[in-house]
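Taking the hints into account, I'd like the entire structure generated from these sequences.
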Amino acid sequence: MKQAVFRNRWLPYGLVAPQVAITLVFFFWPAVDCLRLSLYRSSPFGDRLIFVGLDNFQKLFTDPAYLRSAITTFVFSFLVTVVGMGLALLLAALANAKIRGLAVYRTLLLWPYGIAPAVAGIIWLFIFHPSYGILPYLLSFVTAYQFNWFLKGWVAMVLITAAAIWKQFGYNLAFYLAGLQGIPGSVLEAASVDGAGPIRRFFSMSFPLLSPVTFFLFTLNMTFAFFETFGLVHSVTQGGPGDATSIMVYKAWKDGFEGLQLGLSAAQSVVLMVVVILLTAFQFRYAEKKVVY
Amino acid sequence: MRRTRQPSTAAAAALVLLSAVFVLAPAPALAKTEIHFWHAMTGVLGERVNEIASKFNATQNDYEVKAIYKGDYTTTLNAAVAAYRAKQPPHVVQVFEVGTQTMLSSGAVYPVYQLVKDNGVSIDWNDLIGPVKSYYSTAGNLSSMAFNSSTPILYYNKDLVKKAGLPDKPPATWAEVESTAKKIVGAGAKCGFSTAWPSWVLMENMHGWHDQPFADKSNGFDGLAMTLKINGPFGVKMMELLARGSKEGWYTYNGRGPKGEANMGAGECGIFISSSAYIAGLTRASEGKFTWATGSLPHMEGFPQGNSIIGGATLWVMKGAKPEEYKGVAQFFKYLASTENQAWWAGVTGYLPISTAAVKALEASGHFQKNPNQLTAIKQMNSGKTTPSSQGIRLGNFVSIRDAIEEQMENIFSGKKTPKQGLDDAVAKSNDILKDFAALYK
Numbered sequence: 000m001k002q003a004v005f006r007n008r009w010l011p012y013g014l015v016a017p018q019v020a021i022t023l024v025f026f027f028w029p030a031v032d033c034l035r036l037s038l039y040r041s042s043p044f045g046d047r048l049i050f051v052g053l054d055n056f057q058k059l060f061t062d063p064a065y066l067r068s069a070i071t072t073f074v075f076s077f078l079v080t081v082v083g084m085g086l087a088l089l090l091a092a093l094a095n096a097k098i099r100g101l102a103v104y105r106t107l108l109l110w111p112y113g114i115a116p117a118v119a120g121i122i123w124l125f126i127f128h129p130s131y132g133i134l135p136y137l138l139s140f141v142t143a144y145q146f147n148w149f150l151k152g153w154v155a156m157v158l159i160t161a162a163a164i165w166k167q168f169g170y171n172l173a174f175y176l177a178g179l180q181g182i183p184g185s186v187l188e189a190a191s192v193d194g195a196g197p198i199r200r201f202f203s204m205s206f207p208l209l210s211p212v213t214f215f216l217f218t219l220n221m222t223f224a225f226f227e228t229f230g231l232v233h234s235v236t237q238g239g240p241g242d243a244t245s246i247m248v249y250k251a252w253k254d255g256f257e258g259l260q261l262g263l264s265a266a267q268s269v270v271l272m273v274v275v276i277l278l279t280a281f282q283f284r285y286a287e288k289k290v291v292y
Numbered sequence: 000m001r002r003t004r005q006p007s008t009a010a011a012a013a014l015v016l017l018s019a020v021f022v023l024a025p026a027p028a029l030a031k032t033e034i035h036f037w038h039a040m041t042g043v044l045g046e047r048v049n050e051i052a053s054k055f056n057a058t059q060n061d062y063e064v065k066a067i068y069k070g071d072y073t074t075t076l077n078a079a080v081a082a083y084r085a086k087q088p089p090h091v092v093q094v095f096e097v098g099t100q101t102m103l104s105s106g107a108v109y110p111v112y113q114l115v116k117d118n119g120v121s122i123d124w125n126d127l128i129g130p131v132k133s134y135y136s137t138a139g140n141l142s143s144m145a146f147n148s149s150t151p152i153l154y155y156n157k158d159l160v161k162k163a164g165l166p167d168k169p170p171a172t173w174a175e176v177e178s179t180a181k182k183i184v185g186a187g188a189k190c191g192f193s194t195a196w197p198s199w200v201l202m203e204n205m206h207g208w209h210d211q212p213f214a215d216k217s218n219g220f221d222g223l224a225m226t227l228k229i230n231g232p233f234g235v236k237m238m239e240l241l242a243r244g245s246k247e248g249w250y251t252y253n254g255r256g257p258k259g260e261a262n263m264g265a266g267e268c269g270i271f272i273s274s275s276a277y278i279a280g281l282t283r284a285s286e287g288k289f290t291w292a293t294g295s296l297p298h299m300e301g302f303p304q305g306n307s308i309i310g311g312a313t314l315w316v317m318k319g320a321k322p323e324e325y326k327g328v329a330q331f332f333k334y335l336a337s338t339e340n341q342a343w344w345a346g347v348t349g350y351l352p353i354s355t356a357a358v359k360a361l362e363a364s365g366h367f368q369k370n371p372n373q374l375t376a377i378k379q380m381n382s383g384k385t386t387p388s389s390q391g392i393r394l395g396n397f398v399s400i401r402d403a404i405e406e407q408m409e410n411i412f413s414g415k416k417t418p419k420q421g422l423d424d425a426v427a428k429s430n431d432i433l434k435d436f437a438a439l440y441k
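Going down the list, the protein sequences come from chains A and B. In terms of numbering that gives the first Met the number 0, the first sequence opens at residue 0 and continues consecutively. In terms of numbering that gives the first Met the number 0, the second sequence opens at residue 0 and continues consecutively.
Hint data in this document are derived by calculation from the structure and do not stem from the laboratory. Mixed in with the good hints there might be a few duds.
As the list claims (entries may be wrong) - The calculated DSSO-like cross-link candidates involving lysine-lysine, where the alpha carbons are at most 30 Å apart (straight line), are:
#, chain 1, residue 1, chain 2, residue 2
1, B, 162, A, 58
2, B, 441, A, 58
3, A, 151, B, 258
4, B, 228, A, 151
5, B, 162, B, 182
6, A, 151, B, 189
7, A, 151, B, 441
8, A, 58, B, 419
9, A, 151, B, 415
10, A, 58, B, 434
11, B, 182, A, 151
12, A, 151, B, 181
Unchecked claim - Derived coverage of chain B by chain A (criterion: at least 3 residues anywhere in the stretch with Cβ under 8 Å from a Cβ of chain A; other residues may be distant):
#, stretch
13, 101-112
14, 395-406
15, 409-421
What the hints assert, rightly or not - Short derived list, chain B residues pointing at chain A, Cβ under 10 Å:
#, residue
16, 77
17, 98
18, 256
19, 267
20, 355
21, 432
22, 438
As the structure is a computational prediction, the values presented were derived from the model and not from experiment. Even glycine gets a Cβ: it sits at the ideal position worked out from N, Cα and C.
Take a look at the structure:
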């Protein structure tokens, strides 16, 4: 890599300073404060701050509700990532074909990404709400089964998973589409000449060539499912019914900002931070070796 | 890596910044003393709160009350917490009833009776209606300014009752609720019986209404409560009835908070229980669509008569302001407590008139003849007996406890857990929360 040369030796530091300052103030400072707070039991108004060591963590790991929340989060994130990416890849392959009205299809498929998670949640709420949603109303003509996700945990889970997949769909599709278009036509043509059908061409040529995209999207979708689905859960299920959709990030918010147990909430944030650091490290360490650039 | 930042820290920073913006707003020269009043009232109620502030501001020249909407009750409380921690608290903050113990223990509040006394203002606290006074007093002294209080009452859809061929009167007992709801569903309605605020209506109020203890230490009024009592015979019986109702289809669970009101407002439910403050909302929702009336809460045979418990919010004065500002707060409260303001507020909102004088003023003006439903809650509370179990509930971190209870109610109604098991689990979780809270203040 070519090294840039600066005449003034302070200029480069000055140029990166704003970014460093922002990172320090908005990331490192809260993160360190969060670490500190996780070792305390704090009263809501902050007048009592009792050092409890690792009590908050011990409490978390012995609380069946927290373990359930962890399982829910992993199942949810896995489904959102794998199903979401699978569908996006499938549709990207189809949208990559030369068909009439392609631009229209592509635009429509990319649309959902432009919507904020909370807004997406509200849209889904209007479609699926047991009493004023349009879908349950239509379903009531066909079946007597009540898809009341105020009480049925699995329905609620399917609902937010589907909403999260839909929300992230455009993003995944855009990257896969770009990836597919970056594959040289000559490679695929050569494969055709060798007698490979479209499915064989896809799995033996396109899919391996897309591995950098897949790797990138996997990391991104996992983080999306872990953190950015908060707005969706908050607007649709509020973690219920029971605690069926109480994902970790939602629980951390709820314990901290509704329950005002800031120490416990900080401990949950620390756990989440560690999980994501591990996840990312793991991906870069192992998954990246299998990636062909 | 920025993504690993939690919403909690981000939101905390945002809250502090936001509160700072309001508090640091420069005061104009020779200005009136500003009083910041943070509240959680939206829609029509929010407009009424602004009206109170501007009416008070017009009565004098020394103080200016600024009513600032901060979000729902939880958000408003959080904003106050963040502002207090940043040493920029508002003067007055509206906190819902479940936050009472949190506020009392916080060490961050200036008790209202003290504030009023210190500033030479006189308010006749003895004129307050019993349940309001008992809920918010400590050792007979009012800790926060009573503002908006309501209590659950029963609503019924007259059209659906008529369609089911039933007489036009509210069911008086739970057995009648069941038989009526069954017939209403039998006549083709989507929902026989439902409620809003599941824990507040079906657990907290039903325990009070039947004189059953909700928690130890007289529901937390004689010291910090450590144990919930809701898994006793009464609680189990109540949950068994509703679990059966859910299974048989005459009871519909419609979610937490006020969500169920959407179903009642759409004309789907025959019988419904919610806050008396829902009168205004239901009047608007039902206009030109269906007719309805109200009645007292249903009674469960074999259990004594207690009283219903109030909900809503009160105004808390935060520590850390200047003496002249507190003087203004005291004046503002004097205005709030005036019979004229109380009667007006109750009349336009459907909240309870909280002083006897306001009730009399409304009676004298013929208000209740025109709005008979607004009398239901008052009659209900007067017919009940206020006992240690029905004076109110004061629990540390009640917000989380309500959550734990509603979580288990959902598990019970969906048949995932038996009533006893669900309530036992709710109690175990709640006791844990109470223990944590007590550990802070020992």
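Can we keep the residue 267(B) interface hint, with Cβ of chain A closer than 10 Å? 7 Å, holds
Is the straight-line distance between the alpha-carbon of residue 151(A) and that of residue 441(B) 30 Å or less? Roughly 41 Å separates the two Cα atoms, so the pair is violated.
Hinted pair residue 151(A) and residue 181(B), Cα distance within 30 Å: 23 Å, holds
Using Cβ atoms only, decide whether residue 355(B) comes closer than 10 Å to chain A, and label the hint accordingly. Check failed: Cβ of residue 355(B) comes no nearer than 34 Å to chain A, outside 10 Å.
How does the coverage statement for the stretch 409-421 of chain B fare against chain A, requiring three or more residues with Cβ below 8 Å from a Cβ of that chain? holds (count 5)
Is it true that the CA of residue 58(A) sits at most 30 Å from the CA of residue 419(B)? Holds, at roughly 25 Å.
Under the criterion that the straight-line Cα-Cα distance not exceed 30 Å, is the pair residue 228(B), residue 151(A) satisfied? This hinted pair holds, its Cα atoms lying about 28 Å apart.
Residues of the stretch 101-112 of chain B with Cβ under 8 Å from chain A, three needed, outcome: Three-residue rule met by the stretch 101-112 of chain B, so holds; n is 5.
Holds or violated: is the Cβ of residue 432(B) closer than 10 Å to a Cβ in chain A? Given a least distance of 8 Å, the restraint on residue 432(B) holds.
Holds or violated: are the alpha carbons of residue 441(B) and residue 58(A) at most 30 Å from each other? Holds. Residue 441(B) to residue 58(A) sits at ~20 Å (cutoff 30 Å).
Residue hint residue 77(B), partner chain A, criterion CB-CB below 10 Å: 6 Å, holds
Mind checking the alpha carbons of residue 162(B) and residue 182(B) for me, to see if they're no more than 30 Å apart? Given pair residue 162(B), residue 182(B) holds - Cα atoms ~9 Å apart, limit 30 Å.
This entry does not satisfy hints 1, 7 and 20, going by the numbered hints stated previously.
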